[in-house]
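Here are the chains, one letter per residue:
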Amino acid sequence: GLPAPAFAQSAMPFPPDDPKAKAGGILKVAMEVQKMEDPATYSWVQMSNQTRHTLEYLSMTGPDNITRPMLAESWKPTEDLKTWTFNLRQGVLWHNGEEFTADHVAWNIARWLDPKTASSNIGLSFASAMVEDSDEKDAKGKPLKRMIKGALEVVDKHTLRLNLNKSVLSVPEDFYNYPTAIVHPSFKAPLSDNMIGTGPFALAELKVGDKCILKRVKKTTDGKDFKYWGGNVYLDEIHYYNFEADNQLSAFASGDVDTLYSFGVEQIDMANSLPGVIHVARTAQTICCRMKVTQKPFTDKRVRQAIVKAVDNAAVKTLIFPQGGDVGENHHVAPVHPDYAPLPPLKRDVAASKQLLQEAGFGNGLDVTIDVGNTDGPWHQTACEAMRDQMKEAGINMKINVMPAAKYWEIWDKTPFGCTAWTHRPLGTMVMSLGYRTGAPWNESSYSNPEFDKALDAAEGVLDPKERKGKLAVAEKILQDDAVMILPLFRPVYTIVTKDVNGYEGHPTQYHQFNKVWKA
Amino acid sequence: MSVSEQTPVLECRNLCISYFTRAGEIPAVVDFNLKLMPGEAHGIVGESGCGKSTVALAIMNYMGKNGGIVGGEILFEGRDMRTMSGEELRRIRGSKIAMVYQEPMASLNPSMKLGEQLAEVPIYHEGVSREQAIERSQKMLASVRLPDPQRIMNSYPHQISGGQQQRVVIAMALLSNPKLLLLDEPTTALDVTVEAGIVELIKEISAKFGTSLIYISHNLGLILETCSRLTVMYSGEAVESGDIGTVFTKMRHPYTRGLFSSIPVPGADKNMRPLRSIRGQLPLPFARPTGCYFGPRCDHFVAGRCDQGILPMLPVESGSSHFVRCVRFNEIDWSRATTRSDQHAPIETGAIVLNVSDMSKHYTIESGSAVLLGAKKTVKANERITFRAREAETIAIVGESGCGKSTFAKVLMGLEGATNGKVQLGDVDLANLPVQRRSENVISRLQMIFQNPFDTLNPSHSVGSQISRVIRKFGVERDPAKVEERVNQLLDIVKLPRDFAKRRPRQLSGGQKQRVGIARAFAGDPKIVIADEPVSALDVSVQAAVTGLLTDIQRENRTTLLFISHDLSVVRYLADRIIVMYLGKIMEKGTTEEIFSPPYHPYTEALLSAVPIADTSVKKRKIVLTGEIPSPSNPPPGCPFCTRCPYVMKGICDTQVPPQREMAPRHVIACHLDEATLRAMQPVITIEPREMEAELVAGGA
Amino acid sequence: MLKLIASRLLQMVLIMGVVSALLFFIFDSDKFKKQIAVAELGGFAVSALSDQDYQNWLERKGLNVPFYERYAKWVGGILTGDLGKSYQTNEPVATLVADRLKKTGILGFWVFALMIPLSLTFGIIAGMKEGSAQDRITSFISIVTTSLPEIATAVILMSIFALWLRWLPANSAMVGGWNWLALVLPVMTLVLYDFGYVARMTRASMAEVMTSQYIRTAILKGLPYKRVILRHALRNALIAPFTIIVLQMNWLLSGVVVVEFFFQYAGFGKLLLDAALFGDIYVIQAATLVAVFVAVLSQIISDVGYSFLNPRIRFS
Amino acid sequence: MAAITSIPVSPPPLSILKILQQPRSLIVLVLLMWLPLMLNVMLAGSISETVRPYLLLPAIPSALILYGVGVLSWRESPIAIIGLTLIFFWLIVAVSVPFLPLVDPNKPIAPFAPIGAVKNNHYFILGADFKGRDMLARTLWGCQRVLVWGVTATLVAYLVGCIFGLVAGYLGGWWDQVISFIANVLLSFPVMVLFILIMNYLGASGFNIVIAVTFASAPAIMRIVRGLTFDTKNRDYIFAAQTRGEHPLRIMIYELLPNARGPIIVDACLRLGYTTVAITTLTFLGLGLQPPDPDWGLMIKEAANVAKSPQFAYMLLIPALSVSSLILGFNLIADGLREMSLRD
Ligand SMILES: Nc1ncnc2c1ncn2[C@@H]1O[C@H](COP(=O)(O)OP(=O)(O)OP(=O)(O)O)[C@@H](O)[C@H]1O
Ligand SMILES: Nc1ncnc2c1ncn2[C@@H]1O[C@H](COP(=O)(O)OP(=O)(O)OP(=O)(O)O)[C@@H](O)[C@H]1O
Ligand SMILES: [Mg+2]
Ligand SMILES: [Mg+2]
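Residue numbers (my numbering), protein chains in the order written: chain G, 1 to 520; chain B, 1 to 701; chain V, 1 to 316; chain C, 1 to 344.
Incorrect hints may appear among the rest.
To give a feel for the contact side, a few chain B residues facing chain C, derived at Cβ under 7 Å [what the hints assert, rightly or not]: (1) 433; (2) 435; (3) 448.
These aren't lab readings, by the way, just hints derived from the structure by calculation. Built from N, CA and C at the ideal position, the CB exists for glycine as well.
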């Protein structure tokens, strides 16, 4: 979390009310409409958008990438960042009329940590600091992780304490990760059958692959008036209409919708020609062409370095996203992260690359194959193609093996060399911790460097982002030098809204926050 | 009444017709003249492809996509049809000129009821009401002697038999009482007995309605029976025309003469008086010689005279209506003109090689009507066939279409298994031995010549390879050079140039294909050859060549020939013994002599009477069969012929199977008539003393 | 005829049995199970699952029992009218399929309603005079429209009529409720793609009829040209295309997936595509059964109709 | 009296042409053209880059000669010649594309460069796609994959279809029952499901497209061949073969098959068109050929989004029209062949 705004205790997480705002209206959004099974196992941001205005989070990261309290009114870590106390907002009502309490949150957290839930939240750093190996074993004989006794402590009705076994910095940010929506303890999958939330909207109709209609909650199910804790909400209804990614812009063009989930860079010219406001969000969304350091030839650091050195990240970025976006520096921390520490800019060095190859025994050239799933659009492939052309000069023959997205997800963490899309995360430490810490479940490169882990731990021990930058720089540097990946760029996210939609801002993770949006 | 005072119904003057094809312009008809008086019947004969149909269609002014009249005029009732507008033509077509085509089935719309197709004619030509039109159609159907016109009006074409279809087409043509009726081979597709009925009908019609007729046929016998005048065409031009009597007896063109000498008229004999075919072939339209088109094939050809310029039609005597297109017709000594072909001693027959006893073949078919689930029917294609064949003997099997001739051949060849009985080839019983299980030896002893020359050769392989395959297959020769030698020998035998071995079947004419078929059949030195209607699809002159060929080969190899045919005149010429079949059963069998002279089986009698004979000296007794052939799946329980037999005895013939009467040794007749009645029968064919100026058929030697 | 229909129906049941067993078998492979998991839980999540969790998930989905047991259960379900639930949407398959069928039915109806008259007219005009200018022009149009891939036609039509002229909606998702206008572009695309094929078949058939002897007979009977064409040629010329048109039913059911996909029209083809990509076995099963049914139905219709149109068969 | 019109005799054809028209030399030429192209595309990965282009050298003259022979032997049918020209245009491009002065078709140069633009020192004759790759190079290179996989898939489907059709048609009985039933099963399977199952099961690759197309097309081909076999097997020349005791296999292959070739070739021309579309569609749905090498289906797929803005429509139109021209070519040849066979 960031110090100043995050601790502004009474502040709402939303932008201030617009005095010109008008109530009423329906906001129509083009997006893939997916099913809502269990928020804890959400695998797509789209799913969370469908429930974001019903099921809320303890915190909320705004379009500016700053995390503010939401259902939690405030939080406070101890100095060592091991004990976090969350004061929950009072007067928050569930749609069934019950009052929102710390027990509910505790129930949610415990559920995430239960291996049976199979929630990806278990990979969040706060979560891994709350579990330990148990006596139980899974089918393969690996011990099952269970929550440490006392890790979760309900202090009083509106206070909750997390006792972590190591310092974790990103607890508030973690609590806005999309599968951490807080459900009522009466929850039973599938969610869409009986969704009880605290947000201003409730699900009125869901047809997967077709539409998802949200309506303002006026009354609780037990008949009381429902007053939303977050103040004024203007829209009457939010309609999600199912459009495949490729078709969203044409849906917008033909006036079917007011806004859309996102459109690709290849459509920006068309978008420019349409009446509407284009939002370009700066994000840490990226592709990571990572090498599995446990598989030949990438076990040899020199090979990896040779590959990395042969590529000019800036050139790749400019080619693919001429406007917006940031150049990547092969350590996965983005300029948009508050704790980003700039390192000396990367230089392409073909000679050095050749030299390294020579040393590694690939003097006659190196043949590698990269798997590309284009999971986030065809630009993955373009990036790889551009890199291939650059690598060729260093004597590296990179073959590009393109496969359907679904196929790619089957092998993303297994392939020796793959181009994986990583979504935005609010803090630099978070991505590093998820993807590069020894043994982390999403450590797709199987990278394991105790030094790096130590540096990362150190960085995660510092609350103040400015101060943290220095520590993170160390981790960044180690990761960069170990040449685990080519991370050429951080992509911008494009959306478009009609002129009469106000109060909308593009979010780095395409999270929809329509609480204060109003239609003219 | 003097003919010349009337306006002719139709007059063709110097008519020239061409087809425009990718190979260029094909002059299909050149300088054709014809004058047709009211009530007159004019015949046009000629080999296939000589332009007969083209003339007929030109008279209708319908030349198709690529045809055109390039010269001359066609006057219909004095008016040139070529100057008429489309609408005028439409009004004449179908009302004043009508046409009947070769294939009745194809010329009727398969998806319209016959009644409607008939009624159209008066509706569109005379504007009568529908009811009237239907009534008239019905009457017309009755007057072409169709039974139950009501039912036929409501039928679709495929629901009636071929003979009935042809009658419907004729009725359609007659509906508007046309001045001129064109008949383009109206009976070629029909059985002889049915043909006889139609011919009878046409004669009646021309007498009754006073309609002028143009009758096109390649069958001189038919023309003789129907027409009063005749034009002989050769390669696109008329070569001779005149009154039937004159032309038939005093022909003046070598081609006409050639045609007549290749027809197996009574009196021809394969040993004593073999047929003579015209040598060579009809030239292709664009490869015609200069001068006389017949020149290269003519025995009287004189270089420098016959190959000069364009020959005109000349009157035989000034003022006569007998014209001929030959510059030397006056110079030829017609009485000495023909040198007879070689005579042979009759072949001695040898031991019995094939013994068929009580062979039956039944097919089981699913019932056609699908509403009844799974009803099965039995088609008795062959019933208790019994006969023996000797070495070097020719046995003919005759009968109408569908009587089971081919079925018998298939059983013999092992393509079908017999249901009952025995077929003994030497000591092997072939009755139930499919060809796959037959030994090489048996297979090579039995070979077959197929009916349809266009079907008998695989279009994808060269002639040589198809013959050499047999040679290699039966192990006659193996060495490639010897195989080739043998192929060449065979081609020589069937009188084809050796370089035909490299040709593809499509480059061959029908007769040539049939000869290749024969060469192929004899390539394996078979002992028995079955020839399934090998000549019925061929022109007379080619037919003569092929039959001659068969006898020659038979004489040389002492092959037994099983000759299947529906044409009694060929059979008479070729066969030693004849088997007459009807609906799968043998009606009569005996030597050729015995079959062609009384006593007859009533069916044989009718068949004989139906065969048209192109000989003015032959007089026939008319026996026209009525009724249709019963369905082979539901034959009458007694004598199969009882439904059409003029001698039928109710109560006996239709209930009891007739006895096999042996009239003479090995002359068997299956009939209920008592022996006395049978013996008292009059001959069908009698030959009157000839009045021909030259002994054409007997030949001088 | 009855016998024919009965045997076809019997064959249909047989085919359905074979096809569905085959599908269950194919989808029983680990590969497809994993694919379903990935589609449902997301790629990261599945790879993060422990084996135990994966087994649990399989059990929850009912995928851990052998396929023949599932097959038997499924067959039992069908007999009681229960087609199972979709993995992807949690909806009962029956309503899902019924809804999509209805939509595709509407689309198909309009495609037929426009395509048949259009293609028959084109085909007949062309076939009336083979090789003439009118033939060449109509043939050229039909070949070109048919040879352009559907997707290209769709894009072109969309950018002209929807994005440029703005006459028609650019997609057919019909977010604001049923909208006939939204049907225009998909129908147009399909008609353009399909009509050429039928037109060419009609042309061939008409050309053949025009060379037949009975047409010559009709002309030489002195009938007006109009009657020759309309009464004599037409009916015979329509027999062959009829079968082809009926068989287009199959194609309209599932072959239109590109168009449905492109225009976001929630029809049967799209359902099938989504289900197949997801591995949504019960939807695939149900949809395949429907497809088999339609295939057999179209065969029956074409047989019955053919014999009805063609008296030679009807009365033989 | 009417003159007898003399027939204009066509000039005697060159004897070389005669030799070339022989089936044997045609087969040699086709193989010379086709094999290098096929190897080049199918085994793209395993042939070293230096050898790869030279492989195609013999194919260029073969293609040119074939085209010449085709034009001369079909000169009577302008339709067929137009079709032939369209197809050989692409065939010749396919075999000669490595030698054409083109930039690397996969090299991103200047995104969205319009037709005729000069950007980044490159003259874009047909513009650039949204990734900045040269459309001209992509289009010309793209025909290789479409041609090779389309033709191969159709050929294999025909091989399978013919074998089963011959067996079912000629042997009849149980063989026919079983084969026809299997064909019916495959035919009533929705094509898409079939494609998706196969491509999903086997993975997306050219060879699997061949398998998928075989599964989808072979039953229909089998039916055609079976029907033709039913027609021809009652011909006298088949009986003749039977009565000289030929083996059924020989009858099927030597006697029946060659006579079914007319309709089969015409159908194959049409089916090649459908196969090409099917491959394009598969690619569009993400199941077909995979990048990196360009092919038209891929280009259409990639451009589908961008091309909705009219100024970028060329990105889609160019590959679409290319596919279309190829299919048009096959259709025209089929038409021409049919008309020639009908003409007298
Ligand atoms: N449409 C056509 N195009 C080109 N040539 C044709 C056409 N119709 C007929 N011919 C040719 O014209 C000549 C005369 O044909 P026509 O059909 O008149 O002969 P025919 O005497 O009726 O023969 P057949 O006894 O076989 O019916 C033949 O050489 C034939 O090949
Ligand atoms: N395979 C078959 N199944 C059922 N019936 C058959 C079969 N083959 C022939 N028949 C029937 O058997 C009868 C005799 O046929 P076959 O072919 O032997 O006659 P045919 O005398 O050769 O006639 P044609 O002179 O027309 O050739 C016919 O009624 C025919 O319909
Ligand atoms: Mg004729
Ligand atoms: Mg027969």
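So, as I understand it, the hint says residue 435 (chain B) touches chain C; can you test that by seeing if any CB pair is closer than 7 Å?
Constraint on residue 435 (chain B) satisfied, holds at 6 Å.
Evaluation of the interface hint that places residue 448 (chain B) against chain C, nearest CB under 7 Å:
holds, 6 Å
Hint residue 433 (chain B) vs chain C: min CB-CB distance below 7 Å?
violated, 12 Å
Violated hints amount to a single one, hint 1; each of the other numbered hints is respected by the structure.
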